[in-house]
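Sequences and hints are given; from them, build the entire structure.
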Amino acid sequence: MTADFAGLPGGALVVGGSGGIGRCVAEMLLERGARVAVTHRTRPSQVGEASYAVDLNDRREVGRVVDQAVADLRGLHTVVHAAGPHVPMVHLSRVDPDAMADQLAGDAAGFFAVAHAALPALRASAGSLVAVTTAATARFPVRDGLSSAPKAAVEAMVRALAVEEGRFGVRVNAVGPGMLTDGMAERLISTGELDEEALEITRRNIPLRRFGSATDIAEAVCFLASPRARFISGQKLDVDGGYSA
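Note that this note's numbering numbers the sequence shown so that position 153 is 153, with each residue one more than the last.
Mixed in with the good hints, there may be bad ones.
What the hints assert, rightly or not - Simulated restraints, written as ranges between beta carbons of each label pair:
1. 42 - 88: 14 to 22 Å
2. 95 - 202: 33 to 41 Å
3. 210 - 90: 23 to 31 Å
4. 227 - 57: 27 to 35 Å
5. 9 - 198: 42 to 50 Å
6. 71 - 126: 26 to 34 Å
7. 3 - 97: 47 to 55 Å
8. 64 - 195: 40 to 48 Å
9. 93 - 126: 41 to 49 Å
10. 160 - 58: 41 to 49 Å
11. 203 - 166: 20 to 28 Å
12. 44 - 196: 28 to 36 Å
13. 232 - 6: 14 to 22 Å
Please keep in mind that the hints were generated in silico from the structure rather than gathered at the bench. Being a predicted model, the structure only gives us computed values, none of them experimental. The beta carbon of each residue, even a glycine, is placed where N, CA and C say it ideally should be.
Written out as C-alpha cells, the structure reads:
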C-alpha cells in the first residue's frame, strides 16, 4: 500500500464521489493518505470528511462548493472530476438536439466550472486535476455519441489547461474508462440497453476479452494525481483492456 498523498498540504476533492467510479477513487485516495471531500447530486456519500450537494448545471453553486472544500480541507492538492449522469445508448440520428445541448452543458460546461473554480487552489499547491472521460473518444462504439461527444470536449479542455497552467506547476490529465462491470456500464447492462449478445460482441472487441472495474480506473486516477506522475501532464490514459489499441 502506497502513501502517495500523506503529508501533502490540503486535500482532494472528488466531484461525483457517490457514483461507482467516484466512490472508488475517493476510497483509494483516503487509503493512500489524502484528506478527501466529495460532491454528490442526489445521494450523499459516506466517504471522506464532507459530501456537498451540487448540480453542475448551476455554475455559481459549483464555485461555492469548491470554495467550501478549499476552506474545509485548508487547500486542495487534487481535484478529480468523476461526475456524469446515466447516458442512454442511442444512434445520433435519434438524439434530440436539446438532449445533446443538455449533455454538453452537464459534462463539458460542468467540468469547466469545476476546473475554473479550483484553479486558484491548485496553483497554490502546484496540484493535479484529473478528469474521468471515456475510451470511446479514441475508438467510437456505435450509439455512444451522446456520451463521447461531450467527453471529447472535456479532453480538449484537459489539454488546453495542461498547456496553460503548467507554468504554475499544475498538472491536468484524463483517464478514459472502457467497458466496466460497475459504474455507467453496469447501469446499461441492468437496464437491458446492452443485451447478452451485445455484451459478447463487446468482449470480443477487447483484446483482454473481459471487462474492467472501478478499481482499475481508480488506480489510474490516483497514479496520475500523485507525485509519482509529477512529469505527466496533458495526457489521457485509456483503461480499456486494449479496446482502443
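Tested hints:
Range check, residue 42 to residue 88: Cβ separation about 18 Å, and the 14 to 22 Å hint holds. Checked against the hint of 33 to 41 Å, the pair residue 95 and residue 202 fails, with Cβ atoms roughly 21 Å apart. Between residue 210 and residue 90 the Cβ separation comes to about 26 Å, which falls inside the hinted range of 23 to 31 Å. Here the CB-CB span from residue 227 to residue 57 is close to 34 Å, well matched to the stated 27 to 35 Å.
Checked against the given bound of 42 to 50 Å, the beta carbons of residue 9 and residue 198, roughly 47 Å apart, stay inside it. A hinted range of 26 to 34 Å is violated for the C-beta pair residue 71 and residue 126, which are about 20 Å apart. At about 48 Å, the CB distance of residue 3 to residue 97 agrees with the hint of 47 to 55 Å. Take residue 64 and residue 195: their Cβ atoms lie about 43 Å apart, and the range 40 to 48 Å holds.
For residue 93 and residue 126, the Cβ-Cβ distance of about 46 Å falls inside the hinted range of 41 to 49 Å, so the restraint holds. Our hint of 41 to 49 Å for residue 160 and residue 58 is violated, since their Cβ atoms are close to 24 Å apart. At about 39 Å, the beta-carbon gap between residue 203 and residue 166 misses the expected band of 20 to 28 Å. For residue 44 paired with residue 196, a C-beta distance near 35 Å keeps the hint of 28 to 36 Å intact.
Distance hint for residue 232 and residue 6: a CB-CB separation of about 20 Å, consistent with the stated range 14 to 22 Å.
In the structure shown, a violation is registered for the earlier hints numbered 2, 6, 10 and 11, in ascending order.
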